[in-house]
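S.K.: Using the sequences and the accompanying hints, generate a full structural model.
Below, each chain spelled out in residue letters.
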Amino acid sequence: MKILIQNGDLVLPDGIKKGKLLIEDGKIAALGDSGFETGDAEVVDATGLLVSPGLIDLHSHLREPGFEYKETIATGTRAAAKGGFTSVCCMANTKPVNDTAAVTELIRLKAEREGVVRVYPIGAATKGLKGEELAEMGELKESGAVAVSDDGKSIADANRMRLALTYASHFGLPVVNHPEDLNLTNNGAMNEGYWSTVLGLSGITRAAEETIIARDCHLAALVNARLHVAHVSTAGGADIVRYYKAKGANITAETAPHYLYATDEWVDGYDTSTRVSPPLRTKDDAASLIAALKDGTIDCIATDHAPHHIDDKNLEYALASTGISGFETALGVCWTALVVPGHMKPEELLSCMTSAPAKLFSLPGGTLAVGEPADVALIDPSAEWVVDSSSFLSKGKNTPFNGKKLTGRVARTFVGGVCVYDGSV
Amino acid sequence: MWSHTTISKKLYLWSEIRGLEEKSKGVVTLAFSQKHLLGLRGVSADDINEILNTADLMKVILASNNKKTPHLQGKTVLTVFYENSTRTRLSFELASKYMGGVAANMSASGSSVAKGESLVDTARTLDRMASDVLILRHPMTGAPHLMAQHVKASVINAGDGTNEHPTQALLDMFTMKEKLGRIAGLKVAIVGDVMHSRVARSNLWGLTTMGASVTFAGPPTLLPPELAAAGCGVTECVDDAVRGADVVMGLRIQLERQQKGLFPSVREYHKLFGLTQERIKLAKKDALVMHPGPMNRGVEISSFVADAPESVIDEQVTNGVAVRMALLFLLTRNNG
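Chains A and B supply the protein sequences, listed in that same order. Sequential numbering from 5 applies to the first sequence in this note's numbering. Sequential numbering from 3 applies to the second sequence in this note's numbering.
Fair warning: there could be bad hints in the mix.
[As the list claims (entries may be wrong)] With a straight-line cut-off of 27 Å between C-alpha atoms, the simulated BS3-like cross-links for lysine-lysine are:
1. B:Lys283 with B:Lys189
2. A:Lys134 with A:Lys408
3. A:Lys349 with A:Lys363
4. A:Lys157 with A:Lys349
5. B:Lys262 with A:Lys157
6. A:Lys134 with B:Lys262
7. A:Lys401 with A:Lys317
8. A:Lys401 with B:Lys154
9. B:Lys70 with B:Lys99
10. A:Lys99 with B:Lys117
11. A:Lys317 with B:Lys154
12. A:Lys134 with A:Lys99
13. A:Lys114 with A:Lys131
14. B:Lys273 with B:Lys287
15. B:Lys37 with A:Lys317
16. B:Lys287 with B:Lys181
17. A:Lys157 with A:Lys249
18. B:Lys70 with B:Lys37
19. A:Lys317 with B:Lys273
[Stated by the list, open to error] Label-pair ranges, simulated between beta-carbon atoms:
20. B:Ser35 with A:Gly52: 40 to 50 Å
21. A:Gly273 with B:Met131: 50 to 60 Å
22. A:Gly70 with B:Ala186: 34 to 44 Å
23. B:Gly112 with A:Lys99: 30 to 40 Å
24. B:Arg130 with A:Ala160: 41 to 51 Å
25. B:Gly112 with A:Val429: 44 to 54 Å
26. B:Ser120 with A:Lys287: 27 to 37 Å
27. A:Ala160 with B:Asp288: 33 to 43 Å
28. A:Ala160 with B:Thr127: 34 to 44 Å
29. B:Ser114 with A:Asn254: 48 to 58 Å
30. B:Ser111 with A:Asp299: 54 to 64 Å
31. B:Ala186 with A:Val429: 32 to 42 Å
32. A:Asn254 with B:Pro227: 34 to 44 Å
33. A:Lys287 with B:Gly112: 20 to 30 Å
It should be emphasised that the hints constitute simulated quantities derived from the structure, not laboratory data. Just so it is clear, the structure is predicted and the values come from calculations on it, not from any experiment. No residue lacks a Cβ here, since even glycine has one placed at the ideal position from N, Cα and C.
M.R.: So this is what it looks like as structure tokens:
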């Protein structure tokens with residue numbers, strides 16, 4: 005079975021070039037303009053489309069096991085495919101928590117049986133995400149976990165965080181933190197600033213995030229461990245990462261699409277789809293995050309896809325669950341925020357969503373190369389579209405981008421040469 | 003016995019209301035444009051004036067021996083209270099009853115809310131009981147906005163979380179206008195726990211829309227960030243705020259805030275940030291002293307100040323009924 009993708013612009017490590025891509029037996033058999041034995045290949049016309057490596061997401065919540073009413077591996081991976089993702093990492097805050105090999109294996113098994121994209125579980129750093137006893141990181145790794153994280157909660161005790169970093173480093177496992185000091189969050193509901201004052205919602209200071217970023221970076225440097233800072237949302241957070249990187253610490257960082265485009269002003273009207281952790285910040289923060297992506301301080305963009313059921317969102321603002329269903333808007337939001345205004349070239353943005361994240365967690369894929377699995381996303385860079393959350397494949401329709409016009413859309417997604425999204429839904 | 007002025011005012015009121023009725027039949031559009039009153043942020047000066055002018059007439063009825071008008075006849079008003087209240091709830095209920103409306107009350111503790119019913123489900127249930135106006139007090143900011151999205155009835159915010167309490171600000175403005183003859187140009191000092199005060203926010207929006215100048219004062223732990231960007235003065239020095247003010251308004255401080263570390267003691271709070279006799283002397287001669295109630299005497303306001311002749315705190319309560327009558331009348335007229 006062969007598929008020939010032609011007339012498109014290939015997104016290659018050395019830039020964007022016109023060329024063809026041949027898929028054979030699930031792998032990339034030929035790339036560019038020579039060496040093609042197309043035979044009876046099915047032809048895909050990619051005129052006007054970018055032929056990109058499939059997107060890779062280091063941070064998502066697939067909710068299974070335990071919260072199948074919010075999302076399942078089946079629905080979550082279909083939503084991912086629609087968003088151009090071919091590999092997603094899923095966080096451990098399931099029920100039961102993914103703090104044992106048994107849960108990691110269950111997730112992988114389910115993904116193989118019911119999923120359509122590659123799923124890489126992230127194990128818990130501590131048992132039950134309690135921030136106390138370490139999880140069995142060795143076994144988690146053996147069974148397929150690619151990193152450990154208590155995401156959703158910060159490990160409050162600095163010594164426990166130090167021990168988690170130290171122990172994880174034995175296995176070469178990155179520790180993904182959740183930078184939030186809950187005492188400083190102080191039950192806040194949105195970013196602390198002008199808009200929290202105007203809207204009468206209790207504010208969450210940027211310091212709640214930044215003090216933990218500083219603490220964890222310092223500890224990672226101390227024990228020479230591999231720290232990945234999750235969902236940086238503030239200018240100050242990026243500055244701290246920049247400082248520790250300059251000191252040579254083994255630290256990487258991500259931000260999420262919504263922090264680059266949506267701001268705390270969007271909370272006006274108390275639409276709970278804007279409630280997310282960390283909270284939407286300001287235009288100035290977004291500008292600093294964009295600068296940090298450009299200078300390499302922030303290594304990649306991860307969705308923090310956090311689907312919720314309407315019952316968890318159709319509530320008083322501060323009672324609503326935090327999170328945004330992000331797979332299906334990630335590319336469009338990033339394209340609109342970064343490429344359209346000229347902050348980044350298409351290949352620079354795509355690198356932040358493909359090769360860069362692959363490298364951070366040592367995942368396969370992220371680059372188009374002969375002999376590699378054919379994980380490919382076809383992207384229409386000029387498509388203008390209006391987000392309609394009711395058409396999401398994710399069970400979570402919770403998005404602040406509903407009704408917004410975006411530029412840039414995924415047209416087709418292949419995982420291992422199999423078309424998992426064909427642009428029809 | 004009615005005085006001659008009262009009678010003529012009352013006659014004027016009847017003709018005024020008849021006039022409004024004719025306007026509402028489509029001949030002339032009513033000035034009042036709101037379906038709900040969720041807050042004063044974004045409400046126009048025209049709408050606020052309409053409420054205050056109508057409240058003028060309602061106050062005449064309240065002052066008369068026959069506190070009855072038919073202008074809410076056939077309308078049902080539900081007060082839906084998730085928090086305790088004396089003034090707000092009773093004044094809404096009485097306002098409805100004085101105008102011949104049906105008034106009933108739901109409080110969270112004795113209802114299905116205690117069984118875990120969501121706000122949206124409760125709102126739908128109440129809406130289906132043919133209610134025309136739902137008056138909500140709720141500890142969470144934005145709750146009335148959520149309710150308004152799910153009901154046909156008009157929703158009045160009777161205090162949501164730390165956001166707004168628009169009818170309190172309306173009665174405050176009514177009182178200022180009644181006593182000082184105007185709102186535009188007044189210098190208003192609002193003192194205390196600004197951070198958590200819905201009275202503060204509603205007064206900020208209402209007073210600035212009406213052309214008054216507002217200065218907030220309180221300890222730095224109780225001032226919200228970037229408040230000055232909303233178009234008001236902000237100071238940590240109460241004396242500075244009170245100096246030369248036409249109106250000095252104290253805000254209630256919840257004593258639990260002390261345990262949360264927001265101020266060290268009631269004693270120090272009163273000394274540094276309370277409305278004391280000494281401090282009030284800095285205001286203009288005959289400046290009004292106001293407080294939304296309930297007061298912590300000896301904390302945010304001394305009894306001497308609260309009971310002094312400049313204090314209009316009791317008058318605020320009466321005006322609260324008049325303003326709520328006006329609002330109920332205008333909202334139900336608007337929605338046929």
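S.K.: Run the structure past the numbered hints and jot down the numbers of the failing ones, going up.
M.R.: 2, 4, 19, 21, 22, 27, 31, 33
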